[in-house]
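2 protein chains.
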Amino acid sequence: MTLMCAGLVDSGMPLHDTLGLSREAFEELSDHLYDNRYNSHEYRHLPSYRKSVEKGTVLIGETVIRGFPKIPRCLVLDEGIPQQFTTKIAVEEKLNGYNVRVARVDGDVLAFTRSGIVCPFTTHTVRSLLNVDRFFDRHPDQMLCGEMIGPENPYTTADCYDVDSIAFRAFDIRDRERGTPLPVMDRREACEAFGIPQAELFGVFEPAEAVDATPAIVRDLDSEGREGIIMQTLDGQQLLKYTTSAANQGDLAFAFTFPFDYGRDFSFRRLIREGFQSVEFDESAAERRDRAHSLGESLLMPMADSIETIESGERIGEQHTVRAEPRVIDALLEHFREQGLTIDIDADRPVEGDRLLTFRKRIQRTNDKVDAYLDGTIVRE
Amino acid sequence: MTLMCAGLVDSGMPLHDTLGLSREAFEELSDHLYDNRYNSHEYRHLPSYRKSVEKGTVLIGETVIRGFPKIPRCLVLDEGIPQQFTTKIAVEEKLNGYNVRVARVDGDVLAFTRSGIVCPFTTHTVRSLLNVDRFFDRHPDQMLCGEMIGPENPYTTADCYDVDSIAFRAFDIRDRERGTPLPVMDRREACEAFGIPQAELFGVFEPAEAVDATPAIVRDLDSEGREGIIMQTLDGQQLLKYTTSAANQGDLAFAFTFPFDYGRDFSFRRLIREGFQSVEFDESAAERRDRAHSLGESLLMPMADSIETIESGERIGEQHTVRAEPRVIDALLEHFREQGLTIDIDADRPVEGDRLLTFRKRIQRTNDKVDAYLDGTIVRE
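First to last, the protein sequences are chains F and Y.
Its first residue numbered 1, the first sequence is counted upward by one per residue in this note's numbering.
Its first residue numbered 1, the second sequence is counted upward by one per residue in this note's numbering.
Next comes chain F alone, as it looks inside the complex (with noise of 0.2 Å):
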């Protein structure tokens, strides 16, 4: 079967069409779909960016599923906000978690990564997390986007919310197919009307304004380590992202845990980042030094660590805890067995009739380049 067969959506609009795309655009984008399978759902995906529709976006039986799209981030809150927006934004918070879409397809609702792959936890987790079924049959033809965040889930590690184990926040309402977002507090109220948890909402702000408050709600963020803000028009249409020194620097120890595994780019967005938030926010000499201190301890210490762990013969992986119901936990082993991952497990036990289970994702490059340098590995740079 190929996708132009499939040919047409539940409104009788070809899928090109709904993509805003020529016949010609959608047949070269197939070629960069991926096929996959959840459950009796075979769908395709499209993992990486390409020009014109957004990366993660889904074909799923008759349905497209919009990917989530990227969002431009500002160096320097007091220009950036005044170029990028002339009416009134809200400011809400951005959560250290990962992005997902949850759709109803064929009567089943799926939770989908922000690449466009249905997770089997997820899915199940905001099933039950969520009054998932009262808001589709409102909103059958949107997507609900939200980050999930807590400590117990398989993909990110941030641990500073008042989150146990796992939650979800919603921070978006889009037409699944178009991928336009309600307008802000619509969004809001919908969310509100079927107790679906949101990101926090800030305020709203004229930009003079927000150049006046950001800052502070951005220190107030990081002292908790929180991640940052997302600026948006109230229509839901433009959107600006900025984010904490925790962040960035959070990111860097991730990054060098696995210093050959993650980006050099990665690592270099993240630096600059720092030199123009401790530019704007006109720090002191001191405060300059103490960003400094930590910066390199968020580059150093990891990295060391790693090297450590590496040469007394063991192998370093990215570590993450999940509890679920036993068949839940199989169904995301099974899951990433099916993506090529191979998964050590660290510890696994059974808590309440659920499963509770700490795993390592295995990484291969860091593994491999630290221990030949160990062994004196010659560098020809």
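FYI, nobody ran anything at the bench for these hints, they're computed from the structure.
The model shown is predicted, which means the values in this text are computed figures rather than measured ones.
Please note that a few of the clues may not be correct.
No distinction is drawn between identical chains; accordingly, a pair holds when it is met within one copy or between any pair of copies.
[What the hints assert, rightly or not] Calculated lysine-lysine pairs in the DSS-like style (CA-CA distance at most 25 Å, straight line):
| no. | residue 1 | residue 2 |
| --- | --- | --- |
| 1 | K369 | K241 |
| 2 | K369 | K70 |
| 3 | K88 | K51 |
| 4 | K361 | K241 |
| 5 | K51 | K241 |
| 6 | K55 | K70 |
| 7 | K361 | K51 |
| 8 | K55 | K361 |
| 9 | K55 | K88 |
| 10 | K55 | K241 |
| 11 | K241 | K70 |
| 12 | K88 | K361 |
| 13 | K51 | K70 |
| 14 | K369 | K88 |
With chain F's structure known, arrange chain Y on it following the hints.
For chain Y alone, coordinates are given in the frame of chain F:
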């Protein structure tokens, strides 16, 4: 005139044979050579690495001047040294300045930079500092390889030596056409004989002894802000380098003064070296934290300074000071102009018949990028 026609060197051997290349490989190489001229000397040089011929190789008249080879590096001494060496090695200081090869061609002593350009300032300087004519009377087919160190030079800024203006330190004497080195002790005697100052020799060691001895040497150099060590077999054929934290962090501070002009790989490699050194030197928690703090300062402080400078409306650039006879300074400025560099003069005054010039080489990307981000330009990454 094509190089193939220039054809024969003194020995009557075709150029491609001297370079160890087939006629075809030599023709391919010719496409990567740049034409240049110094006074009456026309020459061609290879400014970047090619497969089998060293970067910086020069074809001048009938003569080949080999590029100085890239020296491999180890990230840990205790495995790197025995991996690389099975016989006695000389351990000498690796100096922080700029690499220069001095050769006599058609009766003129010329100084070539790493990339193979005749630098008029350096040519003048080595002629006035060293007994070059006596040296080349005795060693006509050799090139004298060394580091130009000291605060007053047009390329580097390290000021960790007891040198007021500029000085030369020999670290190699090589056959200029074949690149083969004199044995270490012969080279040191030859320099001694002609009063040519040399890189310090810390000792000659069996590999196992060197593993024990080198960490203390590196620590001493580090405490003085010096760069590192070069280890080599006594025949000079096999070399290995290792650098201090001061050198790694100094390079990072330089790179983050111009963060958008200097490679991310350049920075990443130096961060990695710090991680391995911290582990190999078995640092206490407090020592590692100190290294981390100093590392963080080497990144953030120069970057924030540059952003603030650009924010204030100034342009940043690489500042250097040189001191020489007025005609030599003129020749240097003319040389930079020919290379397409834009030079801003910060200070220019006569001192005891010499001209003392402080200038800045303009850099573009960091100025432009920082300006744009300060103006609120958004980042889509």
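Now for the hints, and whether the structure bears them out:
Only between protomers do K369 and K241 lie at most 25 Å apart by alpha-carbon distance; the minimum there is 19 Å, versus 35 Å within a single protomer. Taking CA atoms no more than 25 Å apart as the test, K369 paired with K70 passes between copies only; the shortest distance there is 21 Å, against 32 Å inside one copy. For the homomeric pair K88 and K51, neither the shortest alpha-carbon distance inside one copy (30 Å) nor that between copies (59 Å) is at most 25 Å. Proximity of K361 to K241 under the C-alpha cut-off of 25 Å is found in neither arrangement, the shortest distances being 29 Å within a copy and 36 Å between copies.
In this homomeric assembly, K51 and K241 come within 25 Å of each other (Cα to Cα) only inside a single copy, at 22 Å, whereas the closest approach across copies is 45 Å. Proximity of K55 to K70 under the C-alpha cut-off of 25 Å is restricted to the intra-copy arrangement: shortest distance 8 Å within a copy versus 42 Å between copies. In this assembly of identical chains, K361 and K51 lie within 25 Å of each other by CA distance neither inside one copy nor across copies; the values are 31 Å within and 38 Å between. Taking the shortest alpha-carbon separations for K55 and K361, only the intra-copy value of 23 Å comes in at or below 25 Å, while the best inter-copy value is 42 Å.
Within a single copy, K55 and K88 get their C-alpha atoms no closer than 29 Å, and across copies no closer than 58 Å, so neither meets the 25 Å cut-off. For a Cα distance limit of 25 Å, the shortest separation of K55 from K241 inside one copy, 18 Å, qualifies, whereas the shortest one across copies, 45 Å, does not. Taking identical chains as interchangeable, the C-alpha atoms of K241 and K70 lie at most 25 Å apart only when both belong to the same chain, with a minimum of 10 Å there against 44 Å between chains. In this assembly of identical chains, K88 and K361 lie within 25 Å of each other by CA distance neither inside one copy nor across copies; the values are 44 Å within and 45 Å between.
Taking identical chains as interchangeable, the C-alpha atoms of K51 and K70 lie at most 25 Å apart only when both belong to the same chain, with a minimum of 12 Å there against 41 Å between chains. Taking CA atoms no more than 25 Å apart as the test, K369 paired with K88 passes in neither setting, with 50 Å inside one copy and 28 Å between copies.
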